[in-house]
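The task is to assemble the complex, starting from two chains supplied on their own in separate frames and drawing on the hints.
Sequence order for the protein chains is Z and S. The first sequence: position 51 = 51 (our numbering), numbered continuously. The second sequence: position 149 = 149 (our numbering), numbered continuously.
Among the hints, erroneous ones may be present.
Here are the simulated lysine to aspartate or glutamate pairs, EDC-like style, with alpha carbons at most 20 angstroms apart [to be verified]:
hint, chain 1, residue 1, chain 2, residue 2
1, S, K95, S, D9
2, Z, K15, Z, D43
3, S, K95, Z, D40
4, Z, K36, S, D103
5, S, K14, Z, D40
6, Z, K62, Z, D31
7, Z, K63, Z, D43
8, Z, K69, Z, D31
9, Z, K10, S, E12
10, Z, K62, Z, E78
11, S, K98, S, E15
12, Z, K89, S, E12
13, Z, K81, S, D9
14, Z, K89, S, D9
15, S, K14, Z, D28
16, S, K100, Z, E78
17, Z, K56, Z, D7
18, Z, K10, S, E4
19, Z, K6, Z, E92
20, Z, K85, S, E12
21, S, K5, S, E15
22, S, K100, Z, D43
23, S, K107, Z, D31
24, Z, K85, Z, E64
Calculated from the model, a selection of chain Z residues having no Cβ within reach of chain S, i.e. all distances over 12 angstroms [said to hold, decoys possible]:
hint, residue
25, K15
26, K56
27, E79
Everything labelled a hint here was simulated from the structure, so no lab data went into it. Backbone N, C-alpha and C fix where the C-beta goes; we use that ideal spot for every residue, glycine too.
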Amino acid sequence: MKNILKDLNKAFENKIRLAIMSALLVNDYLDFNSLKELLDVTDGNLASHLKSLETKNYVSFKKEFLNRKSHTKYSATEEGKLAFKLHIKAIEKLLN
Amino acid sequence: MNQEKYLQDLAEIKEMMNRSSRFISLSGLSGVSAGIFALIGAYAAYETVYNNQNYFDYRHAYITQESLVQLVLIAALTLAGAIGTGIFFTTRESKKRKQKIWDTQSKRLLINLAIPLFTGGFLSLILIREGLIGLVAPMTLIFYGLALVNASKYTLGELRSLGILEIILGLVGCVFIGYGLVFWAIGFGILHIAYGLVMHFKYQQA
Numbered sequence: 001m002k003n004i005l006k007d008l009n010k011a012f013e014n015k016i017r018l019a020i021m022s023a024l025l026v027n028d029y030l031d032f033n034s035l036k037e038l039l040d041v042t043d044g045n046l047a048s049h050l051k052s053l054e055t056k057n058y059v060s061f062k063k064e065f066l067n068r069k070s071h072t073k074y075s076a077t078e079e080g081k082l083a084f085k086l087h088i089k090a091i092e093k094l095l096n
Numbered sequence: 001m002n003q004e005k006y007l008q009d010l011a012e013i014k015e016m017m018n019r020s021s022r023f024i025s026l027s028g029l030s031g032v033s034a035g036i037f038a039l040i041g042a043y044a045a046y047e048t049v050y051n052n053q054n055y056f057d058y059r060h061a062y063i064t065q066e067s068l069v070q071l072v073l074i075a076a077l078t079l080a081g082a083i084g085t086g087i088f089f090t091t092r093e094s095k096k097r098k099q100k101i102w103d104t105q106s107k108r109l110l111i112n113l114a115i116p117l118f119t120g121g122f123l124s125l126i127l128i129r130e131g132l133i134g135l136v137a138p139m140t141l142i143f144y145g146l147a148l149v150n151a152s153k154y155t156l157g158e159l160r161s162l163g164i165l166e167i168i169l170g171l172v173g174c175v176f177i178g179y180g181l182v183f184w185a186i187g188f189g190i191l192h193i194a195y196g197l198v199m200h201f202k203y204q205q206a
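Chain S on its own, in the form it takes in the complex (with noise of 0.2 angstroms):
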């Protein structure tokens, strides 16, 4: 009995399927940006909405239509810089592992991961409209939690329980909404960079 050639059969199975289904060049180094734009993010809205408060006590968020502008213009940015990154830190990935970066692979996981995170985007928007700014750090932890699990299936596994930890911030989040910003730190900068450092060096390919 040829016991190699079937060892090997068993792994191009394997391979095969999970080549087929999932995204592998997702680069963890997109997370570690994602994670530090949103840092960066957090604190410019930080000094933007706590204007001369102390950092770790309870506070209240002092929001004028001048600095929800601005707010605005934080989050824009912070979302082009941490997508940007992202793109260009998986497209070298995909490049050395000779894979396309658009193919049906990266369309389905992207699908996937749209559709809650657009749901939550607009939720955030009516939120904002409606003056309760306060859920909008919490929901976004939520939405982007729920958009992770969800897309996790095509991607790597590891998604998953970052997704839940997202969801689990989010819902402690909106307990204490004085604290939303910290939460939103942790959610989107932490994680990102402690997710994203454990996949690089997990699947890093040299």
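With the rest of the complex left out, here is chain Z (with noise of 0.2 angstroms):
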């Protein structure tokens, strides 16, 4: 039991956060407004939990100009991967 609640991740007890985790494991990345449109958040909203998820290097984001406008693509890091699937692992566990 002790096990289990350790896994469980503090980071995606947030709904946005969860959410963001989700998208980023099955994209390879995703840009700012297309995550913006799946969870259907507002940008300071967004930005505020991608900033967050970066501070524990769980999303990993590159810049780049398409047009002239800048275009963030953000990807889930191989941490943020093992950490989100041994969250869902906890989960799991937690409700067998």
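Now the structure itself:
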């Protein structure tokens, strides 16, 4: 029981962060606007949650310029993918 | 322990993974309409090629310069009808689901569908030019099947088994060249209608 609780990750307690990680786990990358549409959240809200996942080193981003407009591609880091998978496994164990 | 919350979390994770990687607004009705257009097209082609011959016997196709033009016209009209109604029903479905029709998911789906499809299209044109008309119908089935298998990763998973069936029909059709159009009508007509109906009733949103 103790081990299971250890794998439950506080970083993914929040619904929006949970959704961001779910989307990034199955996509190589998603840009800011695609994420925003998928999650149906405001710019500021999405940015702050992405920021907090970045500081944990779960999400990385790459800035590109397309037609002089900046275009940010977000992807999950290996560390983030691993942590998220452990989190899902822990939830599944708890429910069993 | 808050079981409810975790159950809901799991459901949301699954839903987001699906929605972010697959285009799920594909309408079953677009399959049905594509199938109907295919049957009409196949019938028209039949009349053109096998003029005055017994329907279910093994026949030879008689294709003249004139009937070839007519066949290309039939093919173009069939394709336009199928794609047009497909876009119509799928747009309607995505509006119901409040999904955008032109987003990352649908673009990815179309690109992966297009690569094998265009390969098959160009190969068919080459075969016609070389006079190997009999191979055109089974080749379109094979490449359409490959396109579906390839694209199924980015939309409803059922397309994968539909694609495999089309490939099998195409391969069998290569052996029985004389029945090419019959196999073509089964693959593009009847299979589309059957799969379309199944998917319509399975995924349709009230």
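Here's how the hints hold up against the structure:
Proximity of S:K95 to S:D9 is assessed by CA-CA distance (about 26 angstroms); at most 20 angstroms being required, the pair is judged violated. Distance restraint check for Z:K15 and Z:D43: the Cα-Cα separation of roughly 16 angstroms lies within the 20 angstroms cut-off, and the hinted pair is therefore satisfied. Between S:K95 and Z:D40 the CA atoms are separated by roughly 16 angstroms; this keeps the pair inside 20 angstroms, and the hint holds. Simply put, Z:K36 and S:D103 have alpha-carbon atoms about 12 angstroms apart, close enough for the 20 angstroms limit, and the pair holds.
Only pairs whose Cα atoms come within 20 angstroms are accepted, and S:K14 paired with Z:D40 is accepted, the gap being roughly 17 angstroms. For the proposed pair Z:K62 and Z:D31, the alpha carbon gap of about 9 angstroms is at most 20 angstroms, so the pair holds. For the given pair, Z:K63 sits about 17 angstroms from Z:D43 by alpha-carbon distance, which is consistent with the 20 angstroms threshold. Restraint check: the Cα-Cα separation between Z:K69 and Z:D31 comes to about 13 angstroms, which is no more than 20 angstroms; the hinted pair holds.
Distance restraint check for Z:K10 and S:E12: the Cα-Cα separation of roughly 17 angstroms lies within the 20 angstroms cut-off, and the hinted pair is therefore satisfied. A C-alpha spacing of about 15 angstroms is found between Z:K62 and Z:E78, which places the hinted pair at or below 20 angstroms, so the restraint holds. Between S:K98 and S:E15 the CA atoms are separated by roughly 15 angstroms; this keeps the pair inside 20 angstroms, and the hint holds. Distance hint between Z:K89 and S:E12 is fulfilled; the C-alpha atoms sit about 15 angstroms from each other, no more than 20 angstroms.
Taken as a hint, the Z:K81 and S:D9 pair is honoured in the structure, with Cα atoms around 17 angstroms apart against an allowance of 20 angstroms. Between Z:K89 and S:D9 the CA atoms are separated by roughly 12 angstroms; this keeps the pair inside 20 angstroms, and the hint holds. Restraint check for S:K14 and Z:D28: the C-alpha separation of about 17 angstroms stays at or below 20 angstroms, so the hint holds. For a cut-off of 20 angstroms, the pair hint linking S:K100 to Z:E78 is broken: about 30 angstroms separates their Cα positions.
Using a Cα cut-off of 20 angstroms, the hinted pair Z:K56 and Z:D7 holds, with the two alpha carbons roughly 15 angstroms apart. Distance hint between Z:K10 and S:E4 is fulfilled; the C-alpha atoms sit about 17 angstroms from each other, no more than 20 angstroms. Taking the CA atoms of Z:K6 and Z:E92, the gap is near 14 angstroms; set against the 20 angstroms cutoff, the hint holds. Restraint check for Z:K85 and S:E12: satisfied, since their Cα atoms lie roughly 15 angstroms apart, inside the 20 angstroms limit.
A distance of roughly 15 angstroms separates the Cα atoms of S:K5 and S:E15; the hinted pair therefore holds under the 20 angstroms criterion. Note on S:K100 and Z:D43: the hinted pairing holds, with a Cα-Cα distance of about 19 angstroms set against a maximum of 20 angstroms. Between S:K107 and Z:D31 the alpha-carbon distance is near 14 angstroms, which keeps this suggested pair within the 20 angstroms criterion. Distance hint between Z:K85 and Z:E64 is unfulfilled; the C-alpha atoms sit about 29 angstroms from each other, more than 20 angstroms.
A beta-carbon of chain S is positioned within 12 angstroms of the beta-carbon of Z:K15; the least distance is around 7 angstroms. The claim that Z:K56 is not at the interface with chain S holds, since no C-beta of that chain comes within 12 angstroms of its own (minimum 18 angstroms). Its beta-carbon lying about 18 angstroms from the closest one in chain S, Z:E79 satisfies the requirement of being farther than 12 angstroms from that chain.
Hint compliance for this structure: hints 1, 16, 24 and 25 are broken, all remaining hints hold.
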